[in-house]
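2 protein chains.
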Amino acid sequence: MSEKKLITPRKLAGFMELEPCKQLILNEMENKIKSIYEKFAFMPLDTPILELSEILLAKSGGDIDKEVYAFTKGDTNVCMRYDLTVPLARFVAMNQFNLTFPFKRYQIGKVFRGEKPQKGRFRELIQCDADIIGLDTLPLLADAECIKLADSVFTEFGLKIVSHISNRNILFGYCEGLGLEDKTLDILIILDKLGKIGKENALYELNKLGLTEAQSGALIDITLNSGDFGKVLESIKNLSENETYQKGVKELEEVYSYLKAYEIPTENYVLDIGIIRGHNYYTGTVFEMYMPQHPEFGAVCAGGRYDNLAGYYTTQKMPGVGVSIGLTRLFDLLDKNDMLPKISPTNIKLQIIPLGDTLTHCLKLQKYFQTQMVCDVNYDARSFKSKMNSANKREIPFIMIVGETEVESGKYALKNMKTGEQYNLSMEECLNKIK
Amino acid sequence: MSEKKLITPRKLAGFMELEPCKQLILNEMENKIKSIYEKFAFMPLDTPILELSEILLAKSGGDIDKEVYAFTKGDTNVCMRYDLTVPLARFVAMNQFNLTFPFKRYQIGKVFRGEKPQKGRFRELIQCDADIIGLDTLPLLADAECIKLADSVFTEFGLKIVSHISNRNILFGYCEGLGLEDKTLDILIILDKLGKIGKENALYELNKLGLTEAQSGALIDITLNSGDFGKVLESIKNLSENETYQKGVKELEEVYSYLKAYEIPTENYVLDIGIIRGHNYYTGTVFEMYMPQHPEFGAVCAGGRYDNLAGYYTTQKMPGVGVSIGLTRLFDLLDKNDMLPKISPTNIKLQIIPLGDTLTHCLKLQKYFQTQMVCDVNYDARSFKSKMNSANKREIPFIMIVGETEVESGKYALKNMKTGEQYNLSMEECLNKIK
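So the sequence lines, in the order shown, correspond to chains A and B.
The numbering used here applies: residue 1 is where the first sequence begins, and numbers increase by one.
The numbering used here applies: residue 1 is where the second sequence begins, and numbers increase by one.
Be careful, since some hints might not be right.
Chain A regions said to be covered by chain B (calculated; three or more residues, Cβ under 8 Å) [said to hold, decoys possible]:
(1) 36 to 46
(2) 308 to 316
(3) 370 to 382
(4) 389 to 403
If you are wondering where the hints come from, they were derived from the structure by calculation, not from laboratory data.
C-beta: ideal position from N, C-alpha, C; glycine also.
Work the whole structure out from these sequences, hints included.
Structural data, given as structure tokens:
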């Protein structure tokens, strides 16, 4: 052993690892999300972290994105999952004949993205996803339910969020109406970055695509519509007669009626035509949640409707809608801004410190208190003083000192570490005092 | 889309994936383990799933065991963790100046082992580990606490287990006492499989090592000692005067005194000298838990004491003791033997079925019931009959049918799906009936 060269202990960059008292808080947040998802009758699913590359990379025809952790084991090409949506698609395609639809599942688990490590970016992320999958059809109430779900989670956290909601048919249809259907995707890429690059640059880029000034201006104008859901909806509903556009309007109207029925406070959501959600698989309702007091956090939650979740694996049409909370990133942002829920850095309510030969008696006391609270016996060999220091440092609220005299008398020295008060009480009295 | 070749949806062999109603049960078991670990004042830790190969494979000097999922990303050699102990060692070595000792942590998470898929073997396993790490020293009460912990978990599960406990110093010292110290490891390998290969074959193999008949016989005799902790301890305590042997006896005596103080029922643990725990890092107390009614399950939980957890990463001596429950394997065994706790295949208590244009009213009812139970609105477009069938199949206990007449009268049709009884009640009366 003594000859051995030591290896400097370290972890990979971009992987969050919390000290246990912070982990307690993260677990608490995870539990709250889980309990709200379950309250809305979502059932748990846990898919493997590793999947066949052929399955996970079906979208890219098996091509490995550089962000994906992919490797070969034996003669099998495998990937670590980079989201929870593709595994869900695989799962429902595999189990379509055993599931009852609409299938409401949640999954809380880690996903892996091998991006370059940079501030605020993680390679291992806990995602908290809830999705509703239909067979052939799925009513629009499901879209509203996902928004309600996210709103309930953040309300439970005591965090103010605003859900920015749109429907992709609006901009798709608007482009169609302008006769620009073959340029729609390029247009959306530009409009998606409107907030970042500004109106001037967006105009320039749209014109470069071959749009007229009028077309570019109209597109930017409609994209900038954002605010009270009912008012914005009223103001845009006749901006285009295009069929797809009107489909978007109808869908937004229906979703709006459900948001009201769910009694989500009206200040908690807006209609925001600028919500585009990149060039991904969404086909209808799309939404992103922001914290108005912290726009710099970006979207802390997002989701939307997809028409055909499992299209790579089955001909059975399965429309779905889902919402995803990026817990790792959210926790990191809250932590850095001192916004984490305040909870004690320990779960220990009472620590028993044995003095002299009283250890076995202390274990009996521990058993008694454990029925009501987390109770620990400090059996460390260190000095009494260092034990008191460590209890202080860990902010343990109560200490019980048990020497031989105490065992004989049945009266124990209980100390309230916050106030400094000390009592001499029986076991039962100690329990009452602590409670 | 129509031209696209479909990929058959499938998952990797050896990876457990449960249907949601079974996942509910697994989650319930995981929660119980977690709550007992926390009750004993263990704090949560969550280390990354990926680690640097140099760190994780320090033991083998960086050599990749074929069971480890290892690969290169960019120019970094990484591994998926194959246990939770090595990451713990890395963590305590990295954070030794910030932690308070004894450091009690639990970690529940997945580990990965790329072994050949075979019946009952998994490549992705949920491990539930609890360890206690000391600085320089760690009292033997910690060993007893780990055994108590496992006993509490299985008691909570309603499963009968017996903890088979030994101390490696017994057989180490016994070999030393026989002058066989240079052959100890080879001897232990043979004695470890005594139960499998039988006395005859073990004798033959020991003799082949160059032991005398008397030595081999004595080693087999002592290894076969198993039974009531106090009685076996009494009967073996003078079998060798060797110092290491006597250290083992003393340690077992002390651990025994704590097991009694913890009031673990005596039928729940035995002293079993045959517990060796392979050729691994354990140095003192070792234990394996078996289900006496199901010896074919093998050890469902195991652990022990290691003298120097983080020796590859730091010169600071950190003795530890830990216990690990292999939840994936345990769940699989219980499932296959129809021994899983019986819980409802759904968490839904009440499902509201809207008839006609009553959806928004149903959402208000849902909100009312959700304060007390999991309540779902079935907004599926399918027929009423198919909704009733699906509720039946999912074993949802109560159904509430809400048509326009019900909305007007404020009296709803509530159906108990088990008994078939149907009521006509107000919202409040429905709540009372269900509760």
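Comparing the hints with the structure gives:
1. 36 to 46: holds (count 8)
2. 308 to 316: holds (count 7)
3. 370 to 382: holds (count 8)
4. 389 to 403: Holds: 3 residues of the region 389 to 403 of chain A have a Cβ under 8 Å from chain B.
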